[in-house]
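Trainee: Chains as they are written, first to last, in the working numbering: chain R, 85 to 514; chain D, 99 to 262; chain B, 207 to 538.
Check each hint, because a few of them may be wrong.
Straight line, CA to CA, 27 Å or less: simulated BS3-like cross-link-like pairs of lysine-lysine [unchecked claim]:
(1) R:Lys-215 <-> R:Lys-278
(2) D:Lys-167 <-> R:Lys-203
(3) D:Lys-140 <-> B:Lys-501
(4) B:Lys-244 <-> B:Lys-477
(5) B:Lys-317 <-> B:Lys-501
(6) D:Lys-183 <-> R:Lys-470
(7) D:Lys-140 <-> B:Lys-512
(8) D:Lys-140 <-> B:Lys-509
(9) R:Lys-477 <-> D:Lys-167
Derived from the structure by calculation, the hints contain no laboratory data.
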Amino acid sequence: MWLIIILLFIMLFLNFPIMIVLLVPALLLMLFFTPNIDMAMFGQVMTSSIESYVLLAIPMFIFAADILVEGKTANRLLDFVKDMFGHIRGGTGIVAAATSTMFGSVSGSSQATIAAIGKPMRRRALEYGYKDSHITGLIINSAGIAILIPPSIVMIYYGMLTGTSVGDLFIAGIIPGLIIFLSFSLWEFFIAIKKDIPVEPKASWRQRWSSFKSAILTFGFPILILGGIYTGMFSPTEAAAFSVLYAALLELVIYRSIQLKDIYRIAISTGIVTSIVFILLAVGGVFSWIISYLRVPQSLTETVLSSNPSQLEILLIMSLFFLVSCMFVDSLVAIAILTPIFFPIAVTAGIPPVAIGILITMQATLGTVTPPFGVNIFTACAIFKKPYLEVVKGVIPYIIIFMVINILLICFPEIIMIYQNILGLSEGGS
Amino acid sequence: MQTLRKMDEIWEKIEAGILSITIISISLMLVGNTISRYFFSKSWPFTEELGKMGIIILTFMGLGYAARKGMHIEMSGFYDLMSEKARRILGIFINLISALVLVFCTYLGMKYIQHLYTLGQVSTILRIPLYLTMMFVPIGFFLASIRYFVNFGKRMKENVQDSV
Amino acid sequence: ACNKDGMRSEASSGGEEITLKFAHEEGQGDVQDLYANKFKEVIEEKTNGRIKVDVYTGGTLGTSIDILHSLQTGAIDLAITSPGFSGDVIPESQIMSIPFLFSDNLEVNKKVLKESEALNGLLANKYEEIGIIPFHFWLEGFMYWSANQEITAPDDMNGVKMRTMPTNLIIKSYELMGATATTTDSGEIYTMLQTNGIDGQENPLFYIVNGNFLEVQDYLMDTKHHIYTTATVTNQAFFEGLPEKDQQDIQEAINEVNDWSFDMQDEEAEKALEIAEEDDIEIIELPSEQREAFKEVSLPIRKAYKEESDDAKEMIELLEKEIKEAETELAE
Ligand code: NA
Ligand code: NA
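Just chain R, same shape as in the assembly:
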């Protein structure tokens, strides 16, 4: 087992395509650790891990973003943002964090967010003198907050497994989500001062009004997506397709900045990026499957949990297991395997189910942005066409911030339950 892991890292550093780096150990594991299994399972597991309807949101948002970046719409919005916030220290970074958080929350997909917000935002931030790894790291991590703010499939799944109210989870996730966002914003503010990132001259209100008018149709996106989802007209996945329609409508019909044949060409590039990301999800699925099949988490937790751990120890061990698992396997699979192990112990230790759920969701979030196998890092590599190490470099400060908040909430899970006081709910309520 260790040999395979070492091999994996050697291949990684020798600059093999990551697809191959992941395929080789997956194949070796299947060949040598599950010798009784018909190898047809390889294809079966690989395809079943990407054959998910909700994953369709990713190519759709990538497509919409590609259309917007190709046309002029993204610029209109970004000009408006610049005129409003460009004169504030770290303004562009904070706006990037805010839009990524908001978009991620609504779309429910951090990968889609990296495509939709990251692409135009990053390009503009580079023009303003931001370092590439900095802005990329910020976008990836802000997009990760998506899972913490409703709607969130991770929370729905956890709620179903444990009988915890999804409504409560949804509300409880908002505060940690905001704490993380605010910490990122503060960091942006300080780094802008320290690195002396130049600010734009303050725009006049006349100028702002004019760029507002020019950008007005782009506000249709949040209205369409938010409105559509919250009024039940469509699901988050369908919202992604509608944003494609709206983007095409703006660029083709209203601004006439692109032509029909451009759509065809843009769709090709969307298709490639989808393939690059999804093949990694598929091979990652094989990893998940083998690890579950061999009951690796169960045997590991058995040894760790055999002593009589305290409440804090339980939460620390639990978070660690979830974090490491979510780094390697799909978060829903990690939750399916680990929740039954940790949930009963944590509840017995007196931790509210909602707090457990939020902590688990945080690990799922963190797992997607953490090297070596963070899905969001791969997505950013594919979309921004950047080598892996460069992206990882920029992620680190945000992961540290995230970790600090994570540890804070593990030590004081009561913070998560504050939402009850805010809503005036009693302790044992609902």
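Knowing the structure of chain R, use the given hints to seat chains D and B with the ligands on it.
Mentor: Same frame as chain R, but now just chains D and B with the ligands:
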């Protein structure tokens, strides 16, 4: 050689066409289903399974095309620090191993198709045999392996010129 | 790893130690999980730990159809897999998806599932054709409708966006009842119910409760329109390759657990109902004449099923007869 290059160009267009049309069709289908459900109270039941089929097509048909464009994610870093010669040797090695791994995946993909064929599984709504959809798995791996073999060949040639 | 270690040592009661991999479709503590763990307990006790069981809960090795594949390729040895999900591989198993086919008397349904020749003979043969032995068909309780409005007559169903399982038969049944059948992905049901993107859905009660759908729905209709059936199955080649004694032990343990499961699911349904009653959702029992009215409009679906194949026709006609006989027998 000339006809081979010509064929390759045509094939590139086909690959690109498949990707593009799949993406566009999925968008139209999702929008269409929503409109149909919301305004005409009629869902398109095949949306889900065609969407999933679309994911399979995109993922595996994109493999070869992404390899052709050199777009698969790599680490970089150490690689850039190496000497020209070391890089060339490593390039040969990486392309060969990658091609072989993908050939093995093609074989496993064929086994999967065979399994589906015996099982006779069809899609739920449209009753499309699953082995037809999943044909894209071995095809995609195969095309990607060819691409790495071609790169391997190119690197070998470079090397010969270099040492002369 | 346990498998390899186990293979080497010989145990007291004769034969080699084996570890059975048993996968099901549901979460920890759900009906199928209780079943699988009960089997683990019974067989491990029966054989003094010589035959061990590893239970894989739903989602850890994939979803329902993946379980069938894993069973087929020998990756797992035993599984609980619902006929409702097997229609893509065994078309005849869709018989379990036809609403209003089974009785509104649960005792009748239990008797039929245990004794039916249509299921345990004809349908079982269809499973064996793809190398799978179904030990038993059993049930996880009545299906309920939940919705954001009252649905007590076929007229109420007009234009209601009902989420159903994505199979032709079920979709068609709901369209016959006047609903807009939608096949929302299971991960999106909660959100779509919350936003009224869909109006209602059908599921066994324990699933409605565990899925937290009570939070986002106003009405729960006790319709007895359908029972949720499932099957305990094994890989034929694997099972028949076992020593006679092991086969016998496993078969006996499964029989014992299966008998137990009928009472267990009663208890689970009772618990789920208590939770639903404590919730502020309004529970409405469908009067039997209304049930008949719904049944009437859904009848053409049986014709569609019969057209599937001659075997299907034979199967449904036999099953209809068996249900009727069991109803008269138990009515006496
Ligand atoms: Na979200
Ligand atoms: Na991950």
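Trainee: Next, verify each hint and record whether it holds.
Mentor: Taking the hints in turn, this is what the structure says about them:
no.: 1; hint: R:Lys-215 <-> R:Lys-278; verdict: 13 Å, holds
no.: 2; hint: D:Lys-167 <-> R:Lys-203; verdict: 20 Å, holds
no.: 3; hint: D:Lys-140 <-> B:Lys-501; verdict: 22 Å, holds
no.: 4; hint: B:Lys-244 <-> B:Lys-477; verdict: 19 Å, holds
no.: 5; hint: B:Lys-317 <-> B:Lys-501; verdict: 22 Å, holds
no.: 6; hint: D:Lys-183 <-> R:Lys-470; verdict: 24 Å, holds
no.: 7; hint: D:Lys-140 <-> B:Lys-512; verdict: 25 Å, holds
no.: 8; hint: D:Lys-140 <-> B:Lys-509; verdict: 23 Å, holds
no.: 9; hint: R:Lys-477 <-> D:Lys-167; verdict: 25 Å, holds
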